[in-house]
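Protein chains in written order, with the numbering used here: chain Y, 1 to 528; chain Z, 1 to 536.
Careful: at least some of the hints might be erroneous.
Simulated pairs of lysine to any residue, SDA-like, Cα-Cα distance not exceeding 25 Å [said to hold, decoys possible]:
1) Lys402/Y <-> Arg146/Z
2) Lys402/Y <-> Glu132/Z
3) Lys418/Z <-> Ile398/Z
4) Lys418/Z <-> Gly400/Z
5) Lys418/Z <-> Phe380/Y
6) Lys418/Z <-> Gln460/Z
7) Lys418/Z <-> Arg201/Y
Think of the hints as simulated: they come from the structure by calculation, not from any bench.
Here's the letter readout for the chains.
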Amino acid sequence: MHPPQNAAPPPAGTRLPDRLLILSVFVVASCGLAYELIAGALSSYLLGDSVLQFSSIIGCYLFAMGVGSHLSKYVDDRDVLARFIDIELLVGLIGGVSATLLFLLFAWMAAPFRTALYALVFILGVLVGMEIPLVMRVLHKRQASFSELVSRVLTFDYLGALAVSLLFPLVLAPKLGLSRTGFLFGMANVAVALWTLWYYRHEIPRLRSRLTRGALVMAFLAGGLVASEKLTHWAERGLFGDEVIFATTTPYQRIAVTRWKDDTRLHINGNLQFSSRDEHRYHEALVHPALQTLPWARSVLVLGGGDGLAVREVLRHAQVERVTLVDLDPAMTDLFTRNEYLSGLNGQALSNPRVTVINADAGQWLETHSEVFDLIIADFPDPSSFGLGKLYSVPMYRLMGKHLSARGVLVVQSTSPWFAPRSFWCIDATLREAGFHTHPYHAHVPSFGEWGFNLATRQPGYTPPTTYSVPTRYLDAETTRLMFRFPPTCSACPSIPITSTTSAWCTTSSRTGATWCADESVKTWTFS
Amino acid sequence: MRRRSFLALAGMAFSPSGCRRLEHLGIPLAVHQPGLVEGHRLRDGTPLPTPTRELRTGVAILGSGVAGLTAAWRLARDGHDDFLLLDGPEPDGNAAGGRFDSPSGPLLHPCGAHYLPLPSMESRGVRELLFELGVIEAEPFSEHPRFSETALVHAPDERLFFDGAWHEGLLPTEQVKAEDAGQHRRFLAEMADLTRRRGRDGRRLFCVPKALSSMDAEWRQLDALPFRDWLVARGYSAPSLHTWLDYVCRDEYGAGPEHVSAWAGLHYFAGRGGHAANAADGTVLTWPEGLAFLTRGLRVRVPVARQQAGHALRVDETREGVRILCQDAAGAFLVHARRAICAMPLHVAARVVPHLRDYGFDPARHLPAQAPWLVANFLLDGFPAEPPDAPLAWDNVIHGSPGLGWVVSTHQWLRAAKPAHTVFTAYRALADQAPAEARRQLLTLTGDELLELAAVDLKQAYGAFELWRRTRAVHITVRGHGMAIPGCGSLTNPGLTALQAADGRLLFAHADLSGYSVFEEASWWGERAARLAANS
Chain Y
1 MHPPQNAAPP PAGTRLPDRL LILSVFVVAS CGLAYELIAG ALSSYLLGDS VLQFSSIIGC
61 YLFAMGVGSH LSKYVDDRDV LARFIDIELL VGLIGGVSAT LLFLLFAWMA APFRTALYAL
121 VFILGVLVGM EIPLVMRVLH KRQASFSELV SRVLTFDYLG ALAVSLLFPL VLAPKLGLSR
181 TGFLFGMANV AVALWTLWYY RHEIPRLRSR LTRGALVMAF LAGGLVASEK LTHWAERGLF
241 GDEVIFATTT PYQRIAVTRW KDDTRLHING NLQFSSRDEH RYHEALVHPA LQTLPWARSV
301 LVLGGGDGLA VREVLRHAQV ERVTLVDLDP AMTDLFTRNE YLSGLNGQAL SNPRVTVINA
361 DAGQWLETHS EVFDLIIADF PDPSSFGLGK LYSVPMYRLM GKHLSARGVL VVQSTSPWFA
421 PRSFWCIDAT LREAGFHTHP YHAHVPSFGE WGFNLATRQP GYTPPTTYSV PTRYLDAETT
481 RLMFRFPPTC SACPSIPITS TTSAWCTTSS RTGATWCADE SVKTWTFS
Chain Z
1 MRRRSFLALA GMAFSPSGCR RLEHLGIPLA VHQPGLVEGH RLRDGTPLPT PTRELRTGVA
61 ILGSGVAGLT AAWRLARDGH DDFLLLDGPE PDGNAAGGRF DSPSGPLLHP CGAHYLPLPS
121 MESRGVRELL FELGVIEAEP FSEHPRFSET ALVHAPDERL FFDGAWHEGL LPTEQVKAED
181 AGQHRRFLAE MADLTRRRGR DGRRLFCVPK ALSSMDAEWR QLDALPFRDW LVARGYSAPS
241 LHTWLDYVCR DEYGAGPEHV SAWAGLHYFA GRGGHAANAA DGTVLTWPEG LAFLTRGLRV
301 RVPVARQQAG HALRVDETRE GVRILCQDAA GAFLVHARRA ICAMPLHVAA RVVPHLRDYG
361 FDPARHLPAQ APWLVANFLL DGFPAEPPDA PLAWDNVIHG SPGLGWVVST HQWLRAAKPA
421 HTVFTAYRAL ADQAPAEARR QLLTLTGDEL LELAAVDLKQ AYGAFELWRR TRAVHITVRG
481 HGMAIPGCGS LTNPGLTALQ AADGRLLFAH ADLSGYSVFE EASWWGERAA RLAANS
């Protein structure tokens, strides 16, 4: 159904509207490139590997543009202008929200992110690919000579691309951020639609409904521009629950620090590492039951624990002359050394002259050094991947044993005996397999729930301390006594056969020999 | 590190012959063809050089692969001093390893075999060696020895690319029809049953070492039947099972189930039955450098003074003993020995020992077919991207591919994070055509064509762009005569039987005597030869 072309065409010789279309080409080209850059930058930021992300996004986008150009031939000659305006509105809407939408999607649902990303890029590409062919057809109909037309349109197309390719990295991305840049360009597309609509108002059917739609989209995008900062915060809160005050992605992990009122929390790869409100319970329980019984201890090795909070507790013991902290990620130890607020949490422990900070893979460092320590504290992330699982294996504990003095003690953070009882008792069994006598214990850390540790010694006979010579907020004689007790009839404490089958029990997910322990929450590590 | 083992590790880098240095897409590509030049000179009847010096010894061991090294280790361990171990053209043979010097440090990798199954009760020599090397930590001769978890393969150990996605294990189960999965279960149950069964003579039906297998004729007649025919006769028709067994046979024997005898096919599954105190059945032992870990352990236990560079050109028996014409970089020399252990592959022995027929072995009739192999090592900068739900395993296999998958040399490292560099070792037996034809073609291939053959699985898994983007260097070992194929008739091959029993001035020790290339078999024959040589 085509409405009659009853409106009079603009008088010949009035070149303004055509010049306007050429200006539109410039804006449209800028927007087209902007969406491509936003998608590339966002996926590099969220997924890493920028070369791969950018090249695959550009490839997908250019291909989709080709599809769009091809589809443009199916647009009826009489509808060209109206379709161009519709497409502008659609590009403005989709392109405008693309960055924010993807960010929200990534925050709440990690799985379909790539699918959504490429689908969005493809749809945008198809629409953008139709723009220039349609503009050329509009202008061609208006008797511009073909050679001049092609030259002018493509000139402005490329000029627009140049403008954005410079503006985007230098001004827009750093100053506005990806979300707001998206909304801004979306509005530019809608503006093109609106002014084209206005100048050709006599040629466009259903003018009123199109104007209303344009105004609505414009208002929506303007609202998005204003609210996008809040939306991004919502997204991060969707990930972490609280406002993110610091976040970085290192080659090893994603580190995020959140804060809500007086509660600061550290997340690694989305997993809570500590809450400033109750971390003292965790770290006191990790350090003092062992160190209090070692008044002769001179040297302490902390593996993992780049937040320096365990080191802070170790330093309370005056007999300790040197503390060596080995953490994989320099970003982590730098953050907790240099950041004023975060280093305040560990009492500047990492800058203490008694402390040496080393950034290395724990296994590699232990293999290549020969120092012996009186206490080793293994404060690693939970064994939720095969790589992290190696930190909880028999060879690793044997290696630690080689670095332990004759009467030395090894303490291992051992996941939760309540939420992951099999992991907890498997770590206990693994330590015994590696030749240690184990003394499992647990402490209540409200933000974690019931949390478990293992104190391992070469010789039998460890007695938990009844007094502490250092100031403690959580530990006292009674708490300590209860920490080393496990309820006798507790379904959460499966009896692990501590025989030759320990490893087999720990490795039901695979035909492997190595002793592995894992967090039940991770799919690949299901224990049946 | 002793100079010799350093040379062995450096592999082709110092190899004077049989090595080509090429390039692919700007990536350095080294092609190493161990023994090719030396072997083909013998084959072509190149005139023998005149010796300029002489050595005398009690027992000359000709070749330092697993059999030769085991013989030398055994002699040294039993307090014998009067022997000489001749390196041969490729020290460590099929168990050789190599090394890349990556920007983040040296990376060891296999150039041949890369794992050892849990040894059978009967492989006492192997168990003794493993105990001495600390791989077995306790009770080495019990049903369930305790193994070092450094060597027991870490999780995840195997994954299979099947139907467009990676799955745990190498035999697809949940992805195939229920009826086919039922056949898989039936097959595995039948193999478990055969592992336990004994013949009328009380021996296990199938045993590693092969020489201790039952002589029960009812089962030995399976030597005349191709493995595939046996499978069909037993009602095993599932395509997924056949594809898997095709992979298993090529991986183990260098040829598909249509060429391998049913006896050999079953022997692979039922021959070991080894257990561990601290690992599940079927677990394997592996090291970054593959079995070169074991050959290095053997070699350091042989006094340096008892080791001699060079390879044998001709072996003659004299009135006093054996005279061996040898060649090393400095020229030709003679070794006079009381007895000699021919620890070389049989196709080489056929050229070096002119009177081999006198021992009952006619090369024209008795020489087993030998499969050509490629072992390609890719030094990678970082790891290619993997799907999050199917992390890289130690052994990665593509269902139905002509390749045999790849293993990851840094898999056993005690690292939480992936190392900056790693080595992927891709295997391929050229089983698509007759071995001799494949060998002829191998000689004509360019570096790019060799790489095409070797990289088939990696390219399919990661795409050419991702693979070449990460690859910093490639080292391909071409083994034209990689291993004997245990085809039909291999078990009753009278030539092999004769050499197995030989107890004259010449003794023979090589996995070829068993008709297939496996560490335990080479070790068995090495032990036997050392025992006989020491008694004389």
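| Are there hints from earlier that the structure breaks, and if so, what are their numbers? | 4, 7
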